[in-house]
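Dock chain B against the given chain A, drawing on the hints supplied.
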Amino acid sequence: MGYLSPIGIERKEMTVFKTFLKILNKNKFVVLLYTIILLVFGVFNMSTSENNTNFIAVKPDVLIINKDEEVGLTKNLIEYIKDNSNIIDIKLEEDSVNDALFYRDVNYIIYIPENYRQMILNGETPEIQIKSTGDYQSSYAEMLLSRYIKIQNIYLNEINSEVELIEKINNTLENQTQIEVTSKLDTNSLSKASFYYNFASYSILAGAIYVICLILSSFNEKSIRKRTIISSMNYKKHNRILLFSNGLFATFLWLFYVVISFIIVGKTMFSLARTNIYSKFIYIYNVCINNSIFNSNNNKQQKCNKWNSKCNSTRFKFFMWGICTSRMATKKCSNNSTHDTNILVHSNQRTNENNRRVQHRNFNACIY
Amino acid sequence: MFIHNFKYTLKTLFGNKILIFWTFAFPIIMATFFNLAFSNIENSEKLSIIDIAIVESEEFKNNEILKQSFEALSDEENEDRLFSLKYVQETTAKELLENGEITGYLKLDEDKPKIVIKSNGINESILKYVTEEITSTSKIVQDLANKKIVKESMQGKAQVDYEKIYKKALEIATKEDISFKNISNANLSYTMIEFYTLIAMTCLYGGILAMTAINNSLANMGNVGKRTAVAPISKGKLIISSVFASYITQLIGISLLFIYTIFILKVDYGNNLPLIVLLTLAGSLAGLSLGLVVATTLKTNENVKTGILLAVTMFGCFLSGMMGITMKYIVDTNVPIINKLNPASMITDGLYSLYYYDTFSRYYINVISLLIFSSIMIAISIIQLRKQKYETL
Chain A
1 MGYLSPIGIE RKEMTVFKTF LKILNKNKFV VLLYTIILLV FGVFNMSTSE NNTNFIAVKP
61 DVLIINKDEE VGLTKNLIEY IKDNSNIIDI KLEEDSVNDA LFYRDVNYII YIPENYRQMI
121 LNGETPEIQI KSTGDYQSSY AEMLLSRYIK IQNIYLNEIN SEVELIEKIN NTLENQTQIE
181 VTSKLDTNSL SKASFYYNFA SYSILAGAIY VICLILSSFN EKSIRKRTII SSMNYKKHNR
241 ILLFSNGLFA TFLWLFYVVI SFIIVGKTMF SLARTNIYSK FIYIYNVCIN NSIFNSNNNK
301 QQKCNKWNSK CNSTRFKFFM WGICTSRMAT KKCSNNSTHD TNILVHSNQR TNENNRRVQH
361 RNFNACIY
Chain B
369 MFIHNFKYTL KTLFGNKILI FWTFAFPIIM ATFFNLAFSN IENSEKLSII DIAIVESEEF
429 KNNEILKQSF EALSDEENED RLFSLKYVQE TTAKELLENG EITGYLKLDE DKPKIVIKSN
489 GINESILKYV TEEITSTSKI VQDLANKKIV KESMQGKAQV DYEKIYKKAL EIATKEDISF
549 KNISNANLSY TMIEFYTLIA MTCLYGGILA MTAINNSLAN MGNVGKRTAV APISKGKLII
609 SSVFASYITQ LIGISLLFIY TIFILKVDYG NNLPLIVLLT LAGSLAGLSL GLVVATTLKT
669 NENVKTGILL AVTMFGCFLS GMMGITMKYI VDTNVPIINK LNPASMITDG LYSLYYYDTF
729 SRYYINVISL LIFSSIMIAI SIIQLRKQKY ETL
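The listed protein sequences correspond, in order, to chains A and B.
Residue numbering for the first sequence follows the numbering used here, beginning at 1 and increasing consecutively.
Residue numbering for the second sequence follows the numbering used here, beginning at 369 and increasing consecutively.
FYI, nobody ran anything at the bench for these hints, they're computed from the structure.
C-beta: ideal position from N, C-alpha, C; glycine also.
Beta-carbon label-pair distances, calculated as ranges: (1) A/F256 / B/T694: 26 to 32 Å; (2) B/L633 / A/T15: 46 to 52 Å; (3) B/K385 / A/S218: 24 to 30 Å; (4) B/I546 / A/E79: 15 to 21 Å.
Derived contacts from chain A toward chain B, CB cut-off under 8 Å, selection only: (5) Q129; (6) D135; (7) M143; (8) I154.
Isolated chain A (complex conformation) (with noise of 0.2 Å):
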């Protein structure tokens, strides 16, 4: 019989518990690393805006290529575009062109052609040609694009001059329409929260895997294996220690990111009674990966016992588990973003397309 120590394990059961902590005391430059990559690419990505609550128009990514004279009204044209999307600097030659389209570089291309100006200002109708990805951005580049031209195209029949036209066209596209945005929540400070979130999950992924994965290995060192099985220690109690430890570094790894995400997105996180649900996911999603780890490790120990021959196919079920799971909750962590607090994913397409990239790179990271 062995006394109690203050977190209530037996002393003998401390043996497991501190042999766990001395070697993850020595794997925890591992967890530092992948901690120090996450908040370089944090601070990296949040340190480029300021806080915003008022209405800012997303704007699509357009590449023009004009083959015109830029003046007159094909200037005003490339003007008005720039004004209303990003334009994208890109080699011109086609291969690049296409490229940057394919790989969503540029979400839609507009070809203004020769002598596009004077075929205008002659009555006739020059054929504009265009290159889009099909998404919702390229769709509204293209709002934008007709917009423009069916108003060019009705003052042309009443004006004459180029320069008349051209202002009366300006004047008609200046029209705003009055916006009142009803969350008072930064939406900058959501997108922060959204990417810390999506890449912390592949850093718990990481450091959870890494860690968790060398201390099993180190618990079935062959020699280290038979030493533990002629102890007296009862085995399935030696595997509800190692499985409690992993729990619990699972839980501090946890705490660790999200009083991280408390220092770096700031108060915003006090404020957003749902934001919690990130940090809710992202604990599910870590308990996932603990479980499927420690399933994965400690079956080749039980091989020796008769009831662990299940244990083979309950491995691949967890192993599986773990992945989908794992998907799932990252995924729910940028749905949340778009459902919960409203704002998200629609707010900036590109933290939509960074939560997809990262989304891609969880998926990839758990299946290598």
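Same frame as chain A, but now just chain B:
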């Protein structure tokens, strides 16, 4: 002897379950996960119908242009339907907005449209933009009508038909149907790159098969190698038959992956099957030659060789976009030389050019690059094999 060794190498390779798992089953499992993870990503990016509400009021009922335009844009029979519209009281609109059931609502404030939204976003931007377009149209109609009225008055017409002028102006303002010539390629699905990198990975993983087969002929790699080394048979025949057997095994593995991805996952590799086969043959040869180089140049045990080969393969796949498709684009645009030397990128780019481009020049550059890469690797392996002498084992 050639047939004999070929047959037994095939048996040895197929008998190695772990090897077969990693080269045959693992890519198929990966393809399944890729399909699960990425199948719906692109569909969710397309413009969908936006839920909005309009606050009922007398002002709105009297504003013909605004009313008709929103109704036309919400018409279920309209192919270009943009909105799903609800007419509600302001309190209900606020509730709907708060509950996230609508993107925003529109109300008329002193005859001017005002949009209330909850937050920034693409749907909100579109709602604002469409409202502005409708208001612009209204302004244009007003403008055209005024001009016509002034013109007719100046011409000295006694009675000006305001209604007719207004209708005419409305017709001019709304009849303009703008269309552009879309010259973009129909094949724009970027998630295909993930599957192409998987094909590249499988081709390069074939190197492990070649390495295992060659290791059996190397005297420093185990007892089988020692026995083979002292056997009175042509070493050239032995090595060529081993390599040929591993190439056949590799091709069977990759064919299974192709069958699975084409018929079950419906991955689109373009329509030119002979060129896909040619690229796969060249890609597999590159993987095989990479395996040969690792097997012959490194004087270490099999596990280390496998580790190095896997690390090289995975790093190559990473650069060709397996862990994030934009990586390939980033490398291509910033440091193109890396992907010109990377066999995984050559295979991925070859499949990409078949899928996306109508011309074959880029494809052939990739195939030739793979063949050059393979030739160099095989030449290095031959030199290394010819040099092998063991003082002690």
